[in-house]
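Peer 1: Listed below, chain by chain, are the residues.
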Amino acid sequence: MLSANLVLFTALAYVAFLFGVAFLGDLRARQGRPGWLVSPVIYTLSISIYCTSWTFYGAVGSAARSGLEFVTIYVGPMLVFVGWWVFLRKMVRIGQLHRITSVADMISSRYGKSASLAALVTLIAVAASTPYIALQLKALTSTFRVIGSSGPEALRGIPSGPPSTQLAFWIAAGMALFTILFGTRNIDANERHHGVVAAIAVEAVVKLAALLTVGLLVVYGIAGGPADIFARMPEGMLHASDAFGARWITLTFLAGAAVICLPRQFQVTVVEIGDERHLRTAAWLFPTYLLLICIFILPIAIAGLNFLPAGANPDMFVLTLPMWAGQDAIALFAFLGGFSSATSMVIVACIALSTMVSNHLVLPVALRLRWFSLEASGQMRRFLLTTRRVSICVILLLAFLYFRLSASTNALASIGLVAFAGAAQLLPSLVGGLYWRHATANGARAGLVAGALLWAYTLFLPSFEGDLFLSARDITEGLWGESLLRPYALFGLGGMDPLVHSIFWSLSVNTLLFVAVSLLREPRPLERLQGTLFVDVFRHRGADTSRFVRRSAAAFDLNVLAQRLIGVEQARRFFARTGQGGNLEPNRPIADDALITELERELAGNVGAATARAMVSQVVTGETISLGELVKIADESQRMRDYSRRLEAQSRQLVDSARELQEANERLRQLDGQKDEFLSQVSHEVRTPMTSIRSFSEILLETPELAREDARRFLRIIHVESLRLTRLLDGILDLSVLERGGADWTLKPTDPRQVLASALAVCEGLAAAASVRLVWRDAGQPARVLADADRLSQVFINLVSNAIKYNIHATFLVEDRIEPWVRVTSGVSDGGYEVLVEDNGPGIRPEERQKVFLKFSRGWSHTQSGTQGAGLGLAISWQIMHRLGGTLELLDTPGPGATFRVTLPCTT
Amino acid sequence: MERQPSPRAQTLGVLLPLLALFLLMPPFVTLFTADGSVAGVPLIVVYLFGIWGLLLVATWLLARVLMPDPDGAEPTEDSILPPEPPAPPPAA
Chain A
21 MLSANLVLFT ALAYVAFLFG VAFLGDLRAR QGRPGWLVSP VIYTLSISIY CTSWTFYGAV
81 GSAARSGLEF VTIYVGPMLV FVGWWVFLRK MVRIGQLHRI TSVADMISSR YGKSASLAAL
141 VTLIAVAAST PYIALQLKAL TSTFRVIGSS GPEALRGIPS GPPSTQLAFW IAAGMALFTI
201 LFGTRNIDAN ERHHGVVAAI AVEAVVKLAA LLTVGLLVVY GIAGGPADIF ARMPEGMLHA
261 SDAFGARWIT LTFLAGAAVI CLPRQFQVTV VEIGDERHLR TAAWLFPTYL LLICIFILPI
321 AIAGLNFLPA GANPDMFVLT LPMWAGQDAI ALFAFLGGFS SATSMVIVAC IALSTMVSNH
381 LVLPVALRLR WFSLEASGQM RRFLLTTRRV SICVILLLAF LYFRLSASTN ALASIGLVAF
441 AGAAQLLPSL VGGLYWRHAT ANGARAGLVA GALLWAYTLF LPSFEGDLFL SARDITEGLW
501 GESLLRPYAL FGLGGMDPLV HSIFWSLSVN TLLFVAVSLL REPRPLERLQ GTLFVDVFRH
561 RGADTSRFVR RSAAAFDLNV LAQRLIGVEQ ARRFFARTGQ GGNLEPNRPI ADDALITELE
621 RELAGNVGAA TARAMVSQVV TGETISLGEL VKIADESQRM RDYSRRLEAQ SRQLVDSARE
681 LQEANERLRQ LDGQKDEFLS QVSHEVRTPM TSIRSFSEIL LETPELARED ARRFLRIIHV
741 ESLRLTRLLD GILDLSVLER GGADWTLKPT DPRQVLASAL AVCEGLAAAA SVRLVWRDAG
801 QPARVLADAD RLSQVFINLV SNAIKYNIHA TFLVEDRIEP WVRVTSGVSD GGYEVLVEDN
861 GPGIRPEERQ KVFLKFSRGW SHTQSGTQGA GLGLAISWQI MHRLGGTLEL LDTPGPGATF
921 RVTLPCTT
Chain B
2 MERQPSPRAQ TLGVLLPLLA LFLLMPPFVT LFTADGSVAG VPLIVVYLFG IWGLLLVATW
62 LLARVLMPDP DGAEPTEDSI LPPEPPAPPP AA
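Those protein sequences? They're chains A and B, same order as listed.
If you're matching positions, the first sequence starts at 21 in my numbering and goes up one per residue.
If you're matching positions, the second sequence starts at 2 in my numbering and goes up one per residue.
Hints are computed from structural coordinates only; laboratory data are not their basis.
Take the hints with a grain of salt, since some may be wrong.
Derived Cβ-Cβ restraints for the label pairs, each shown as a range [said to hold, decoys possible]:
(1) A:417 <-> B:59: 41 to 49 Å
(2) A:469 <-> B:15: 28 to 36 Å
(3) A:660 <-> B:51: 36 to 44 Å
(4) A:666 <-> B:54: 53 to 61 Å
(5) B:19 <-> A:24: 27 to 35 Å
(6) A:501 <-> B:59: 26 to 34 Å
If we take Cβ atoms under 8 Å as the criterion, some of the chain A residues that face chain B in the derived model are [claimed, not checked]:
(7) 98
(8) 102
(9) 103
(10) 108
(11) 246
(12) 261
(13) 304
(14) 307
(15) 309
(16) 732
(17) 734
(18) 735
(19) 739
Quick caveat: nothing in here was measured; it's all calculated off a predicted structure.
Heads up, the beta-carbon is just placed ideally off N, CA and C, and yes, glycines get one too.
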């Protein structure tokens, strides 16, 4: 016989070993060398926490009492995993893409990230899991007492003495400690717990090995092989003829639902999966594990019924048989196996439940409280971690209370089935949401509430046998004595197995309301969006919703929020990755939709999609979902429309380019025409002096006996014409340089009066020679302009000499000998320096006034003289003034004479 | 790039669990509740666990077809650290 102390010591040593494994696992994970931690085998072993102490001990009990029924509990999950391609794959893909952190997160995320739905699912999950955890506590305390006791009574497997609450309490406390230490060390961005996964993988191996060892002992040690053991099978033990009825189907269905919906199963299957490809291995490896677990259940049950005292507790056969056979080591091994199966379940369940409680119950409420604010970065994470630790303690406390309250006569299996039935209420919303786009949050809520209430009334509360809410009388006769409300025969549907009865009512009402309420109203835009993203997850490559949701937020606010929630380091990495710099000033750029959505996704990895959305919406302004876009995403022809629109845009671009080319061509043709015109004008101008030069040169050459004076005269003409030609060519060059803007002038502040004075000095001689009176009136104000002195002088000289030249001839012809004068007036007016050049000559005819500044124009052609200019002077002067930033105009004055006005802006 | 398995494989992926359901649920399964035994083990037990084993093998084979290894390469180990920001270029 084993002493209690030895057992205790072994258990503690084993726990220490598990601590070590978990620590190593976490260490490797943090170093970034996960290695074997993320192999598909580890993944599969972690899923095997499905096999709890219910499996380890209760399956044999169920086999002994009800024959083959126990198989259903494993056939269900086997079917789900064999059908991995149909359902599990979709769930895993969605979980990865949308960074789902729990089953509540997935349901709420599907239905428009509804926080209320997440809270509801969390409550149901906690209520359903509490009995299950209590079941583990019960198994642990019972087995510990059984194995530590001695004497023939021990073999009955019924612990003597009062139930040891103290032992249960310490076990619960120990598990709380382990979970807190390894499950809430940090908030991983993906909610993964590598250390814990490593530890439960080890436990999975231990429990399988233990059960196989006991099985081998029974079949080959105690009995003489498979044939022998089955020959000892009591008559009718298998209940084969009536095993395959409604209960068989219900239990299989329930077990399948449980492997999907139980929070701990969801955690290991969907949240902790590293690579989707691991599912491919788990699809056959997990059912293999289940097969190995089950293969010796029947033999052990048979052996127990045969060899152990009558009335022995069949739930304890796995432990008491080795004890009876004198195999203490194997008994101890079996105890460790059972210990493993219980602790691994509790740890993962607590982690999953505490995550849901902190993300979906505590955090949303805390956010709403105005006095609650966490400004410093990192405080949010500490708050979340603390919340989770407290939740773990509370959950274990609740389980402990259930353990105290629940009747000790309940078989392990039946408690477990109550929990399964509770978890199954999540199935319609979960599965329906993944395949039916029209499912709405209201439908899910209605179904969940109704299903949960019915489950509670028909199964959960009656399991207390009158100690909670429902009295014993209520249970047998119905609430308020109303026979239609009997928990085990609701609405008159009696004569059914209580479990089947409960499942029937709760799930059918659940599903019915889910469908009916969903159809009542159109889904809200976000629901529809999420619905499409979930249902069509294999069609859309990403979870990018930014195409459909238009939101704006200041990038700075987003940065602050990110730092609060995921810490400075991760926030910095996030913003660096998305190309937005780190330190952003307030009121700086507006973040675009893609960034907001990406941040929401990043946060969702920590706190769940619903909470992430709630938090981001605190800093987001103006959110609209384009319904038009939403409708289109389901439409296959959208792609066609996009393509044709692109083609349209391209062709429009082509038309525009063609038009631009045409315009450019036009302009080039114009310029070409202008060039031709210019060339013809120039050649005409050049021809005139060239003709004179040629003719006079010919005369000189052909008449050698010309008089000296004539010769001299002719040569002089040739000279003058050459000069004129040179002047013309210089003028053309000058003008072209001016027009092209290629002149490099130095603009300096100049005194225009000085420039004018020097220009007039140059013209004095000309005026005297032509007997024209030159008058200068200056207003006397000092002024400075920004100009090139030489060029400005050139303009003044040009204007004044024009006035002189064309004035002489006029007065020559006029009879009454008016004295020709040229008057120059200068002064400052309107912030500009102004010079007026007037003459009393013949003036410029009205029809010529428009063209006077053009090249080669002859405003004075009617004056006719031999000393005509080339016609470029005014054009050049106009260009010069234009370049200096001033103006040159011909004023529209009546009466004889022309008035030209030059203006230049003054500089201070 | 994800290579979609052939439609036939996908159909099998759906059919296999349905077949399993058919084989293991009443009424079909009740065919094997008759008295009988195989090597001393009751018929129904052999049937249940036998079908279970066959389904395992079928799933294993089908899984290899439905989600093949990418061109023979080993599936890469999942990195659990977020990607490091790109290292700054070495100073010139």
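Peer 1: Against this structure, judge whether each hint is valid.
Peer 2: Evaluation of the provided hints:
{"no.": "1", "hint": "A:417 <-> B:59: 41 to 49 Å", "verdict": "46 Å, holds"}
{"no.": "2", "hint": "A:469 <-> B:15: 28 to 36 Å", "verdict": "33 Å, holds"}
{"no.": "3", "hint": "A:660 <-> B:51: 36 to 44 Å", "verdict": "53 Å, violated"}
{"no.": "4", "hint": "A:666 <-> B:54: 53 to 61 Å", "verdict": "56 Å, holds"}
{"no.": "5", "hint": "B:19 <-> A:24: 27 to 35 Å", "verdict": "52 Å, violated"}
{"no.": "6", "hint": "A:501 <-> B:59: 26 to 34 Å", "verdict": "55 Å, violated"}
{"no.": "7", "hint": "98", "verdict": "7 Å, holds"}
{"no.": "8", "hint": "102", "verdict": "5 Å, holds"}
{"no.": "9", "hint": "103", "verdict": "3 Å, holds"}
{"no.": "10", "hint": "108", "verdict": "11 Å, violated"}
{"no.": "11", "hint": "246", "verdict": "5 Å, holds"}
{"no.": "12", "hint": "261", "verdict": "6 Å, holds"}
{"no.": "13", "hint": "304", "verdict": "4 Å, holds"}
{"no.": "14", "hint": "307", "verdict": "5 Å, holds"}
{"no.": "15", "hint": "309", "verdict": "10 Å, violated"}
{"no.": "16", "hint": "732", "verdict": "80 Å, violated"}
{"no.": "17", "hint": "734", "verdict": "78 Å, violated"}
{"no.": "18", "hint": "735", "verdict": "75 Å, violated"}
{"no.": "19", "hint": "739", "verdict": "70 Å, violated"}
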